[in-house]
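Visitor: Here is how the chains run, residue by residue.
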Amino acid sequence: MSTSPWRDVSLTGWGRTARADSKAARPERQSALRAALESSNGKPVLAFGAGRSYGDAALNSGGYALLTERLDRLISFDSATGELVAEPGVTFETLMRVLLPRGWLVPVTPGTAFATLGGAVANDVHGKNQEAAGNFSDHLQWIEVLTAKGEVVRASAQENADLFAATVGGIGLTGIITALSLRLQRVPGNAAMVKLRRLPDLDAVVEGLTTPHPDTPYSVAWIDALAGGRNLGRGVLELAAPAEEPLPEQAVKARGLPVDLPGFVLSGPTVRAFNEMYWRRVPAGGTERPTHWRSFLYPLDAIHQWNRMYGKAGFHQFQCVVPQDEAPAAVRGLLETLGKAGRASFLAVLKAMGREGRGDLSFSMPGLTLAVDIPNRPGVDELLTRLERQTLDAGGRVYLAKDSHLSPDGFRAMYPRLAGFQAALKKWDPDGKFMSDMARRLKIREGGAA
Amino acid sequence: MTDVAALPPDPLAREVWVILGASSAVARAFSRGVAPDADLLLCGRDMDDLGRMAGDLRVRHDCRAEAVNFNATDYDSHCGLVERAAAFAGRGRLNLFIAFGDMPEQTEIDNDFALARRTVETNYLGAVSVLSRFAPRLEAQGGGSVVVLGSVAGDRGRLKNYVYGSAKAGLHAYVQGYRARMHRAGVHVMTVKPGFLDTAMTWSLGKLPMAMQPDAFAATIMKHLKAKRDVVYVPWPWLGIMTIIRTVPERVFKRTNI
Chain A
203 MSTSPWRDVS LTGWGRTARA DSKAARPERQ SALRAALESS NGKPVLAFGA
253 GRSYGDAALN SGGYALLTER LDRLISFDSA TGELVAEPGV TFETLMRVLL
303 PRGWLVPVTP GTAFATLGGA VANDVHGKNQ EAAGNFSDHL QWIEVLTAKG
353 EVVRASAQEN ADLFAATVGG IGLTGIITAL SLRLQRVPGN AAMVKLRRLP
403 DLDAVVEGLT TPHPDTPYSV AWIDALAGGR NLGRGVLELA APAEEPLPEQ
453 AVKARGLPVD LPGFVLSGPT VRAFNEMYWR RVPAGGTERP THWRSFLYPL
503 DAIHQWNRMY GKAGFHQFQC VVPQDEAPAA VRGLLETLGK AGRASFLAVL
553 KAMGREGRGD LSFSMPGLTL AVDIPNRPGV DELLTRLERQ TLDAGGRVYL
603 AKDSHLSPDG FRAMYPRLAG FQAALKKWDP DGKFMSDMAR RLKIREGGAA
Chain B
11 MTDVAALPPD PLAREVWVIL GASSAVARAF SRGVAPDADL LLCGRDMDDL
61 GRMAGDLRVR HDCRAEAVNF NATDYDSHCG LVERAAAFAG RGRLNLFIAF
111 GDMPEQTEID NDFALARRTV ETNYLGAVSV LSRFAPRLEA QGGGSVVVLG
161 SVAGDRGRLK NYVYGSAKAG LHAYVQGYRA RMHRAGVHVM TVKPGFLDTA
211 MTWSLGKLPM AMQPDAFAAT IMKHLKAKRD VVYVPWPWLG IMTIIRTVPE
261 RVFKRTNI
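So the protein lines, in turn, are chains A and B.
According to our numbering, the first sequence is numbered sequentially starting from 203.
According to our numbering, the second sequence is numbered sequentially starting from 11.
Everything labelled a hint here was simulated from the structure, so no lab data went into it.
None of these values were measured; they are calculated from a predicted model.
The beta-carbon is built from N, C-alpha and C at its ideal position, and this holds for glycine as well.
Check the hints yourself; a few may be wrong.
To be verified - If we take Cβ atoms under 10 Å as the criterion, some of the chain B residues that face chain A in the derived model are: (1) GLY65; (2) VAL69; (3) HIS71; (4) ARG74; (5) GLY216.
What the hints assert, rightly or not - Under the rule of at most 25 Å between Cα atoms (straight-line distance), these lysine to aspartate or glutamate pairs were calculated in the DMTMM-like manner: (6) A:LYS397 x A:GLU490; (7) B:LYS170 x A:ASP210; (8) A:LYS628 x A:GLU361; (9) B:LYS217 x A:ASP223; (10) B:LYS217 x A:ASP274; (11) B:LYS217 x A:GLU240; (12) A:LYS645 x A:ASP223; (13) B:LYS217 x A:ASP210; (14) A:LYS645 x A:ASP611; (15) A:LYS351 x B:ASP58; (16) B:LYS238 x B:ASP165; (17) A:LYS351 x B:ASP56; (18) B:LYS217 x A:GLU271; (19) A:LYS245 x A:ASP223; (20) B:LYS217 x A:ASP462.
What the hints assert, rightly or not - Across the chosen pairs, the derived CB separations fall in these ranges: (21) A:GLU451 x B:THR83: 46 to 52 Å; (22) A:LEU449 x B:HIS193: 45 to 51 Å; (23) A:SER206 x B:ARG239: 33 to 39 Å; (24) B:SER214 x A:ILE505: 56 to 62 Å.
With the sequences and hints as input, model every part of the structure.
Guide: Dropping the structure here:
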C-alpha cells in the first residue's frame with residue numbers, strides 16, 4: 203500500500219481537560235509500526251494506548267501519535283509457569299476474559315480493565331495490593347522497545363537495565379513497547395472474598411489500612427471526601443483475598459453513559475447524599491462476601507465512559523503518595539483543603555503502599571496514596587497548586603498517569619531519580635524523538651544529566 | 011505425502027480454516043471468530059506477524075494454529091500449499107478464506123505497467139491459482155465452505171481504481187463459475203463484497219461514513235456462511251449503493267468522479 207499511514211486526529215486524556223491535535227497512525231502489525239515510525243519525518247512521536255491516562259501523559263500536540271490498539275496479540279502463554287508474552291495493545295479486559303477462567307489473574311492491575319499493558323508499563327501502574335505485590339513492573343520478565351534508532355531492544359532488570367528502568371514508569375519517552383513478558387498469578391477461581399468495614403473517621407481508616415493484614419493482600423479505602431469535622435476521612439475499608447469457591451459466571455453487560463451529565467447532577471447536595479448512602483450501605487458490624495474479580499478490581503468499568511459524569515468541562519484527578527511517617531497528618535491536611543474548597547467530588551480513594559517502584563519515574567513509595575476527582579471549574583488551578591504544595595511539604599509525589607497540572611519545579615523535587623532517567627534518554631533517544639505534552643510541560647528532558 | 015483425495019473427512023474432526031492473506035485486520039477478525047470451533051492455517055508473507063497471530067489464536071482459543079509462507083503470485087508454490095493444508099487438516103474438513111489483495115494508487119498504476127500487472131496478478135490470477143488447486147480436495151471432501159473477498163470496486167470500472175476494479179470483476183466472474191462447479195460437490199462458495207471497513211487500507215482517508223469494524227464484519231460473514239448465501243454486500247447498505255451505481259448510464263458515469 204502506498205498510502206500514508208497518518209491521519210489527523212484529536213485526542214484527549216481521560217479527564218477531558220487535556221486535548222491534542224496530532225497526526226496518528228494505527229499500525230496493525232509490527233512491520234507497519236516500524237514503517238510508521240520511520241515516516242515520522244523528525245517530528246516528535248508518542249505511543250497512545252487506550253487513552254486512560256487522565257491528563258496529558260499520552261498526548262503529543264502537533265506531533266505524531268502511534269495508536270497501539272490493534273497491536274493486541276497474546277503471543278504465547280505457558281500454562282505451567284503463567285508466563286505470558288503479549289503485544290502492548292492488549293487490555294486487562296482481554297486477560298480477564300481469556301485467562302481468568304483458566305485460573306490466571308494479572309498480579310497487578312490498575313483500576314480500569316480497559317487500560318493497555320503498554321500503558322501499564324509506561325506508568326508502572328499499581329493496584330489495591332501494592333504493599334503485597336508491588337507495581338506492574340515487578341511482574342515483568344522483560345520488555346521489548348522500538349527505540350528512536352528504529353531497533354527493537356530487549357530490556358529487563360539484567361539486560362539493558364538502564365532502558366528497563368527508564369521505560370517502566372517512563373510515560374512513553376523511551377520508545378514504543380512492541381512486546382512484553384508478564385508473569386501471571388494462579389488463583390483458585392473467579393472471585394475475591396471481600397470484607398467491608400465502615401469506619402467513622404480518618405484515624406480509623408489509616409489504622410485499618412496500615413495494620414498488617416497478610417491474609418488479605420488487597421486493601422483499599424473509599425473515603426467520603428465531603429465529610430468534615432468529626433467525620434473527616436470517614437470511609438469504607440475493603441480487604442480482599444482470592445476466594446476458594448468460584449462464583450457462577452455472570453454476563454458482562456456494561457452500560458454506557460451516552461451523554462455528558464449537566465452540572466447540577468454533581469452539585470454538593472447530590473454528592474453528599476450519594477456519599478452518605480455509600481457509607482451507610484455497609485452495616486455497622488461490617489460484612490464479608492465473595493465478589494467477582496472484575497467487580498472488585500474495576501468497579502467503575504460497569505459504566506462505559508463514566509468520565510462524562512463530570513460534564514463537558516471534564517475533571518482532574520489528583521493522586522499523590524505521601525511517605526509513611528507523614529502520611530496521617532498529610533492526608534488530613536489534603537482532605538481539609540479539599541473540604542474547604544467545597545469541591546463536590548464523589549469518593550476519594552486511599553491505599554497503602556509498601557515499596558518503591560523499579561522505574562526511574564515510578565510513582566510508588568512506602569506510605570499512603572490518596573486519589574480524588576476534582577471537577578474542572580473556576581478556581582481549580584489554585585486548588586491543585588495548593589495540593590501540590592502540601593504533597594511536596596510532606597515529602598510525597600504526584601502520580602504522572604493522572605496529572606495535568608504539576609509544575610516543573612514540583613516534578614523535579616518529587617522525582618529524585620530524574621537524573622538517571624535523563625541519562626538513559628540521552629543514550630537511547632539522543633535527539634528527543636519521543637515527546638509528550640506532559641514532558642514539555644514538566645520540562646522532563648531539560649536540564650540535569652550533564 | 012498423503013494423497014489428498016484418499017482420506018474422507020471425519021465428521022467428528024475439527025473444521026480447518028485456511029486463511030490466505032492472514033495478516034489483514036479482516037482476516038485477523040475472521041480467524042478469531044472461527045477459532046473457537048476450528049483449527050487454522052495462516053498463510054501470508056509476513057511470517058513474524060503470522061507467528062504472533064498463530065500464537066494469539068492458540069492462547070485465546072486453545073486451537074491448533076500454524077503460520078505458512080504464502081505468496082499469491084508464486085503460482086508454482088500453490089500445489090505445495092494444498093499438500094501442506096491437507097497434512098495440517100488430517101481428516102478435518104478444509105475451508106478457505108481468501109483475503110489477500112493489493113490496491114496501489116491508480117495514478118501510479120497509470121504510469122507503470124509492472125504495477126498494473128502485479129495488481130491483476132495478485133487480485134485475480136493468484137486467487138484463480140489457489141482456488142483451482144484446492145478444488146479437487148474440496149470436491150473430494152464433498153462439503154465445506156469457501157469465502158472469497160471481492161470488492162464493490164469490481165461492480166463497475168471507475169476512474170479512480172479501474173485496474174484493481176477490473177481484477178476484482180474478473181474474480182467475481184471466476185467465482186460465479188467456481189460456485190456452480192463446487193455446488194455439484196456440496197461445497198458452499200460465498201463472494202463477499204466489502205464496503206468501507208475500518209482497516210489500515212482506509213485509515214488515512216479519515217473517518218468514513220458507515221465504516222464497519224473488522225470484528226463486526228467477521229461476525230456478519232459468519233452469519234451469512236451459516237445461511238449459505240452466494241453473494242453478500244457487507245455492510246448491507248452497499249447493495250443499494252452499488253445497485254444505483256451500476257445503473258447509471260455509461261455516458262453519464264464517464265463524466266463523474268465517483
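Visitor: Now, for every hint given, state plainly whether the structure supports it.
Guide: Going through the hints against the structure:
1. GLY65: For B:GLY65, the interface hint holds, since the closest Cβ of chain A sits about 4 Å away, which is under 10 Å.
2. VAL69: holds, 4 Å
3. HIS71: Status holds, d = 9 Å.
4. ARG74: violated, 15 Å
5. GLY216: Holds - the Cβ of B:GLY216 comes within 10 Å of chain A, reaching about 6 Å at its closest.
6. A:LYS397 x A:GLU490: holds, 4 Å
7. B:LYS170 x A:ASP210: The hint holds at about 23 Å.
8. A:LYS628 x A:GLU361: holds, 18 Å
9. B:LYS217 x A:ASP223: At roughly 15 Å apart (the allowed maximum being 25 Å), A:ASP223 and B:LYS217 satisfy the hint.
10. B:LYS217 x A:ASP274: At roughly 22 Å apart (the allowed maximum being 25 Å), A:ASP274 and B:LYS217 satisfy the hint.
11. B:LYS217 x A:GLU240: Holds, at roughly 24 Å.
12. A:LYS645 x A:ASP223: holds, 20 Å
13. B:LYS217 x A:ASP210: Holds, because 10 Å separates the two Cα atoms, which is no more than 25 Å.
14. A:LYS645 x A:ASP611: It holds: about 9 Å lies between the C-alpha atoms, which stays within 25 Å.
15. A:LYS351 x B:ASP58: With a Cα-Cα distance of about 20 Å, the restraint between A:LYS351 and B:ASP58 holds, given a limit of 25 Å.
16. B:LYS238 x B:ASP165: Measuring from Cα to Cα gives roughly 22 Å; hence the hint holds.
17. A:LYS351 x B:ASP56: holds, 22 Å
18. B:LYS217 x A:GLU271: Cα-Cα ~17 Å, so holds.
19. A:LYS245 x A:ASP223: holds, 14 Å
20. B:LYS217 x A:ASP462: Holds: B:LYS217 and A:ASP462 sit about 23 Å apart, inside 25 Å.
21. A:GLU451 x B:THR83: 46 to 52 Å: With Cβ atoms ~48 Å apart, the hint holds.
22. A:LEU449 x B:HIS193: 45 to 51 Å: holds, 49 Å
23. A:SER206 x B:ARG239: 33 to 39 Å: The hinted range 33 to 39 Å holds for A:SER206 and B:ARG239, with Cβ atoms some 36 Å apart.
24. B:SER214 x A:ILE505: 56 to 62 Å: At 34 Å between Cβs, range violated.
This entry does not satisfy hints 4, 24, going by the numbered hints stated previously.
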